[in-house]
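Construct all of the structure, not just a fragment, from the sequences and the given hints.
There are 2 protein chains.
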Amino acid sequence: MEPHGKAHQKEHHEDAVSPDPVPLSKYSNRVELKTLLERIDGGAGLAGKRVVIGGWVKSSRAVKKDSLPAAVFVPPPSSGGSQASPTPSVSCTEIINSKMNIFRKLFDVLSGGGKTYPIFDKHDLPCQKATSSPEYIIHFQISDGSSVSTLQVIVDSVLSSVPATQLMSLGTCIVAEGVLRQPLSASAKHVIELEAEKLLHVGTVDPENYPLSKKQLPLHMLRDFSHFRPRTTTVGSVTRIHSALTLASHTFLQQNGFQYVQVPVITTTGVGEMFSVTTLLVETDDKDEKKHVNEKVDSVKAAVKEKTRLIDHLKRSDSNREAVVAAEHDLKKTNDLASQLEMKQKPKAEGATHIKPDKDFFGCDTYLTVSGRFHLESYASALGKVYTFGPRFVADKIDSTRHLAEMWNVETEIAFSELDDAMDCADEFFKFLCKYLLENRHEDMKFISKRVDKTITTRLEATASNSILRFSYTEAISLLQKATTRTFETKPEWGVALTEEHLSYLTDEIYKGCVIIHSYPKEVKPFYTRLNEDKKTVAAFDLVVPKVGVVITGSQNEERFEILDARISEYGLKTKEKYEWYLDLRRHGTVKHPGISLRMEHMLLFATGLPDIKDAVPFPRSYGKANN
Amino acid sequence: MEPHGKAHQKEHHEDAVSPDPVPLSKYSNRVELKTLLERIDGGAGLAGKRVVIGGWVKSSRAVKKDSLPAAVFVPPPSSGGSQASPTPSVSCTEIINSKMNIFRKLFDVLSGGGKTYPIFDKHDLPCQKATSSPEYIIHFQISDGSSVSTLQVIVDSVLSSVPATQLMSLGTCIVAEGVLRQPLSASAKHVIELEAEKLLHVGTVDPENYPLSKKQLPLHMLRDFSHFRPRTTTVGSVTRIHSALTLASHTFLQQNGFQYVQVPVITTTGVGEMFSVTTLLVETDDKDEKKHVNEKVDSVKAAVKEKTRLIDHLKRSDSNREAVVAAEHDLKKTNDLASQLEMKQKPKAEGATHIKPDKDFFGCDTYLTVSGRFHLESYASALGKVYTFGPRFVADKIDSTRHLAEMWNVETEIAFSELDDAMDCADEFFKFLCKYLLENRHEDMKFISKRVDKTITTRLEATASNSILRFSYTEAISLLQKATTRTFETKPEWGVALTEEHLSYLTDEIYKGCVIIHSYPKEVKPFYTRLNEDKKTVAAFDLVVPKVGVVITGSQNEERFEILDARISEYGLKTKEKYEWYLDLRRHGTVKHPGISLRMEHMLLFATGLPDIKDAVPFPRSYGKANN
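One line per chain: the protein sequences are X and L, in this order. Residues 1 to 628 (our numbering) are what the first sequence spells out, left to right. Residues 1 to 628 (our numbering) are what the second sequence spells out, left to right.
Source of the hints: derived by calculation from the structure; they are not laboratory data. Watch out, some of these pointers could steer you wrong.
Identical copies look the same in the list; a pair holds intra-copy or inter-copy alike.
[Unchecked claim] Here are the computed lysine-lysine pairs in the DSS-like style, where the Cα-Cα straight-line distance is at most 30 Å:
#  : residue 1 : residue 2
1  : Lys-214   : Lys-576
2  : Lys-214   : Lys-65
3  : Lys-397   : Lys-578
4  : Lys-332   : Lys-536
5  : Lys-301   : Lys-397
6  : Lys-397   : Lys-547
7  : Lys-625   : Lys-356
8  : Lys-307   : Lys-535
9  : Lys-214   : Lys-578
10 : Lys-535   : Lys-198
11 : Lys-296   : Lys-578
12 : Lys-26    : Lys-435
13 : Lys-435   : Lys-34
14 : Lys-315   : Lys-491
15 : Lys-535   : Lys-522
16 : Lys-332   : Lys-482
17 : Lys-359   : Lys-397
18 : Lys-26    : Lys-198
19 : Lys-446   : Lys-189
The structure displayed is predicted, hence computed values, not measured ones.
Structure (structure tokens):
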């Protein structure tokens with residue numbers, strides 16, 4: 001049981017010296033492109049191997065066959081690529097993509113997109129193509145999402161039942177079997193390519209309606225097509241980085257003795273703007289559904305009539321008892337269905353117009369959780385060190401590059417510890433994640449660094465190897481006050497909440513790195529944060545990073561019953577009895593316990609340099625927008 | 001980066017031969033009991049070491065001091081336990097727990113529960129105790145949740161500012177510093193115990209109101225106290241098993257080349273009974289909140305008046321300009337607060353009485369996700385092999401031992417593969433989890449096996465090492481039909497959905513093990529499942545286990561546009577346009593892709609033998625019930 005990265009490296013090393021077939025992707029008969037392209041030799045040692053690959057077309061170009069010497073089309077011997085063949089003439093290459101309409105006519109394009117074509121190769125079906133169609137050698141760059149790199153795949157158009165233009169469209173899915181070879185052109189940048197001998201599957205695109213047909217669409221325009229975004233190299237890399245951060249989080253915490261606890265998403269407590277969860281609204285306003293139900297009711301009622309008639313007939317015609325029983329049983333079932341449908345016809349709007357929690361699904365008001373730490377505290381008070389990782393929800397009606405309505409947090413609680421311990425934990429956790437990416441997502445980091453932010457790799461390296469400075473809120477305010485040449489929108493005075501502008505000044509300008517700020521005024525932190533001895537500040541901290549802001553928050557929550565009880569009352573929490581269970585943890589066997597909360601999306605922004613959180617998450621949910 | 005289990009083992013081995021201090025729990029200055037008790041030597045090699053431990057009292061007994069020879073109280077030399085001391089006389093042991101009321105009077109118990117007492121030890125504060133109080137030697141069994149086992153801790157009551165009775169209550173939290181020693185009694189079962197020299201923290205309980213005061217409360221009675229449940233050894237073990245399954249899932253999938261994808265919890269699509277997510281209901285009915293806001297408005301308005309008066313006074317009294325500006329700024333802030341509060345006073349009920357999706361937070365109807373596979377398919381169509389792990393919601397109004405409204409699934413999608421590959425994946429994933437528990441949660445499995453179900457270890461072993469039989473739905477029906485001596489509530493006829501009773505017969509009686517059933521009639525599986533060539537069955541399967549039922553479901557979802565489009569229409573899906581993005585994945589670059597979904601709670605039921613899902617999850621949400 002080694003971690004992902006190492007296991008794969010090992011495979012590669014073994015593979016480089018072994019005559020065995022190329023290792024298959026698990027649960028597939030294809031080979032992942034990563035296995036070919038991320039080898040130390042770039043894949044050169046695999047020349048001559050027969051493989052099946054699958055992926056999507058990133059780019060393509062075609063060379064008309066009669067413009068080339070016939071020798072190119074002799075299938076290479078199965079032992080390897082035919083290095084002796086002349087290189088294709090680049091001068092007569094036609095970029096078919098850009099001449100789509102002309103080629104469409106030429107090839108008598110089949111109508112409609114999204115068709116799946118049957119398996120087919122030149123030996124089986126040599127006569128399906130109109131002999132008049134020109135024949136092409138197509139050079140594809142194919143990506144399968146396992147790697148940043150693409151594989152060059154060479155396909156003779158005669159192999160395909162799909163016209164070459166369709167085949168060549170950006171985004172077409174191709175599964176091909178063939179032999180790996182070193183490129184025929186000595187000037188080629190890649191060290192290995194695939195000469196296809198069979199096309200096992202083609203999933204076409206409709207280029208007119210495919211949003212990614214336009215190359216290099218900016219990230220913000222891609223947001224309307226979140227289901228297609230991962231097909232871009234950037235979002236692919238971001239996803240793989242996100243995936244690595246997820247495993248790294250579980251690994252780090254479990255290695256350090258934390259137990260995972262599954263805390264609920266639907267809760268009865270919480271503060272701030274929350275989403276309600278209810279079953280009283282469903283389908284109150286859905287005309288399509290009603291129409292559909294009405295139609296069904298009519299047809300089922302007709303069936304009831306018909307079946308009743310049948311039973312009458314059976315009885316009258318002296319049929320055997322069994323047939324009558326069976327028919328009656330059948331009628332009963334149809335009748336049941338009819339009454340179920342009739343129930344659905346009744347307007348449910350009554351419930352929605354007059355919301356009463358006791359009539360709702362859980363019999364009480366329920367919300368989407370704002371934080372898992374309350375529930376986690378209950379488990380820390382029994383298991384000592386616990387963590388969770390799940391979605392958290394805030395219904396703030398703002399549109400920001402740093403905020404979403406649904407975000408995922410890694411949260412921990414550490415019994416028998418204090419704030420300093422939690423700061424140590426935040427520090428080590430954060431650095432572990434940085435180091436993990438550098439070690440396990442090298443290719444992706446390199447690509448993102450080129451495409452999004454050139455400084456990210458150095459920033460991660462610097463973060464991973466330096467200690468993170470810690471100072472108090474009071475010191476932070478005094479630093480900000482010393483910045484006399486600088487005017488802040490919110491004047492830095494003791495007692496104000498630090499704004500994005502303040503934090504950015506401290507991390508981007510003063511320290512040029514990550515800092516931990518602790519011991520905030522009690523007014524700017526939640527009621528459950530532990531009161532310090534000065535009675536003015538509380539045991540809370542934020543780990544703040546350049547460009548992004550707060551990535552980890554932490555606090556030691558109040559373990560003293562009387563103080564917590566008083567603060568709940570002072571805070572004016574509606575329906576205080578909802579917090580009785582939380583107070584219970586202090587009534588019985590209370591213990592000091594700090595915890596931290598890492599905002600995964602913000603970590604991802606730090607690691608990738610992406611400027612907008614909407615591009616960091618697969619399907620972002622923000623005020624006024626929830627597509628797909 | 002080794003997995004959790006191994007890393008810990010290594011620590012232990014090193015530790016057994018090293019003279020270094022006992023390794024501390026990370027982010028704490030205490031030692032985890034696991035580190036002491038789960039060593040190969042049971043901790044014997046640690047005698048003489050000074051440690052701090054923390055935990056909760058599982059049981060306790062006290063021996064009156066004057067009933068023992070004085071020699072026992074001589075502090076042992078710091079080099080180790082004093083083996084020569086006479087053993088405490090068990091005959092004069094008093095089980096104080098059972099005589100709580102009498103002892104309360106004796107010790108003049110401090111009022112109120114949940115108090116935290118200051119750090120205090122006998123050298124610092126020798127005179128705080130009433131000299132008349134009898135003194136005791138208390139033997140505690142302490143658990144810190146890191147292990148099934150407890151540590152015996154011996155405390156001289158003179159160390160404590162808390163009366164011995166309170167200290168001894170079940171559930172009291174104790175942090176103690178002391179020296180490890182071999183037990184004085186030769187007949188003791190444990191090999192190491194701690195003689196406390198300082199009590200660093202005591203978190204008392206109020207035994208009258210502490211639900212766990214009654215020993216061995218049955219699991220179903222504990223459900224009303226979900227925040228205390230983890231303090232029982234059984235729920236502690238279940239949590240650690242759950243935690244191991246979580247890490248094992250991520251590890252297995254990432255090792256096999258799957259990328260984690262964060263799919264949304266709030267969705268716009270879905271089928272069946274769903275929960276709505278809305279912000280139009282919040283706080284419509286909350287009288288407390290209104291009262292609180294009203295009070296605040298009054299006080300803020302008074303402040304505005306007061307501050308206006310002050311400004312007038314400043315202006316009239318010819319104060320400096322700065323003071324007036326500051327006062328005016330202050331007034332502005334108070335005025336802002338006043339108008340914010342007035343906004344809150346306005347009834348929000350209007351929104352709730354007339355729900356219009358376009359006025360809701362996202363501007364459309366949103367629900368809690370039923371399955372992550374739709375969104376996952378979008379990422380599989382770009383990255384190849386992807387998975388997710390998150391909460392799924394079904395608002396079925398049923399109360400069952402196998403169903404909750406909120407459950408967590410591990411879901412995968414595998415591009416370029418077919419149903420058989422997904423069955424292989426399910427088979428290996430399931431066995432990996434079984435093996436992982438046997439290797440990494442030995443102590444917990446042993447305990448759960450003793451307490452809940454004696455057969456679980458053998459069942460896990462058998463599952464991990466045998467291949468899982470696969471047969472079709474048609475074969476399953478024919479097997480059920482051959483069971484002539486058995487009457488099923490639903491007659492096994494081709495076309496019916498297999499019931500719990502059918503599945504239980506196949507796994508518990510016929511095969512006495514796990515089976516995979518595939519190729520179901522299309523009517524019993526969702527519309528998106530791929531139609532087989534017979535046009536009657538679809539490419540779906542279930543992995544069914546004894547006693548629990550379905551733990552993994554899998555299917556190859558329809559990749560052919562025309563067939564999926566037709567089935568969506570046939571299914572009569574309301575608002576078909578919601579599925580346009582899903583159809584898009586088939587319009588552009590479609591690919592064959594099966595996937596699986598593991599129900600984590602059901603896996604946990606299989607692994608622990610627990611009969612009710614409400615006991616497997618920390619905070620279960622079910623019809624009519626969502627406590628804490």
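Right, here's what the structure says about each hint:
For the homomeric pair Lys-214 and Lys-576, the shortest alpha-carbon distance between copies (27 Å) is at most 30 Å, but the shortest distance inside one copy (56 Å) is not. In this assembly of identical chains, Lys-214 and Lys-65 lie within 30 Å of each other by CA distance solely inside one copy; the values are 28 Å within and 86 Å between copies. Proximity of Lys-397 to Lys-578 under the C-alpha cut-off of 30 Å is found in both arrangements, the shortest distances being 26 Å within a copy and 24 Å between copies. Proximity of Lys-332 to Lys-536 under the C-alpha cut-off of 30 Å is restricted to the inter-copy arrangement: shortest distance 25 Å between copies versus 72 Å within a copy.
Taking CA atoms no more than 30 Å apart as the test, Lys-301 paired with Lys-397 passes between copies only; the shortest distance there is 27 Å, against 48 Å inside one copy. In the homo-oligomer, the alpha carbons of Lys-397 and Lys-547 lie at most 30 Å apart inside one protomer (23 Å), although the nearest pairing across protomers, at 48 Å, exceeds that limit. Within a single copy, Lys-625 and Lys-356 get their C-alpha atoms as close as 28 Å, and across copies as close as 15 Å, so both meet the 30 Å cut-off. In this homomeric assembly, Lys-307 and Lys-535 come within 30 Å of each other (Cα to Cα) only across copies, at 27 Å, whereas the closest approach inside a single copy is 80 Å.
Taking CA atoms no more than 30 Å apart as the test, Lys-214 paired with Lys-578 passes between copies only; the shortest distance there is 25 Å, against 54 Å inside one copy. Taking CA atoms no more than 30 Å apart as the test, Lys-535 paired with Lys-198 passes between copies only; the shortest distance there is 28 Å, against 76 Å inside one copy. In this homomeric assembly, Lys-296 and Lys-578 come within 30 Å of each other (Cα to Cα) only across copies, at 21 Å, whereas the closest approach inside a single copy is 45 Å. In this assembly of identical chains, the alpha carbons of Lys-26 and Lys-435 lie at most 30 Å apart whether taken from the same copy (27 Å) or from different copies (19 Å).
Taking CA atoms no more than 30 Å apart as the test, Lys-435 paired with Lys-34 passes in both settings, with 22 Å inside one copy and 29 Å between copies. Taking the closest pair of Cα atoms, Lys-315 and Lys-491 come within 30 Å of each other only across two copies (24 Å); inside a single copy the shortest separation is 92 Å, beyond that limit. In this assembly of identical chains, the alpha carbons of Lys-535 and Lys-522 lie at most 30 Å apart only when taken from the same copy (8 Å versus 67 Å across copies). For a Cα distance limit of 30 Å, the shortest separation of Lys-332 from Lys-482 across copies, 26 Å, qualifies, whereas the shortest one inside one copy, 84 Å, does not.
Taking the shortest Cα distances, Lys-359 and Lys-397 sit within 30 Å of each other both inside one copy (28 Å) and across copies (12 Å). Taking CA atoms no more than 30 Å apart as the test, Lys-26 paired with Lys-198 passes inside one copy only; the shortest distance there is 22 Å, against 57 Å between copies. Proximity of Lys-446 to Lys-189 under the C-alpha cut-off of 30 Å is restricted to the intra-copy arrangement: shortest distance 18 Å within a copy versus 59 Å between copies.
In the structure shown, no violation is registered for any of the earlier numbered hints.
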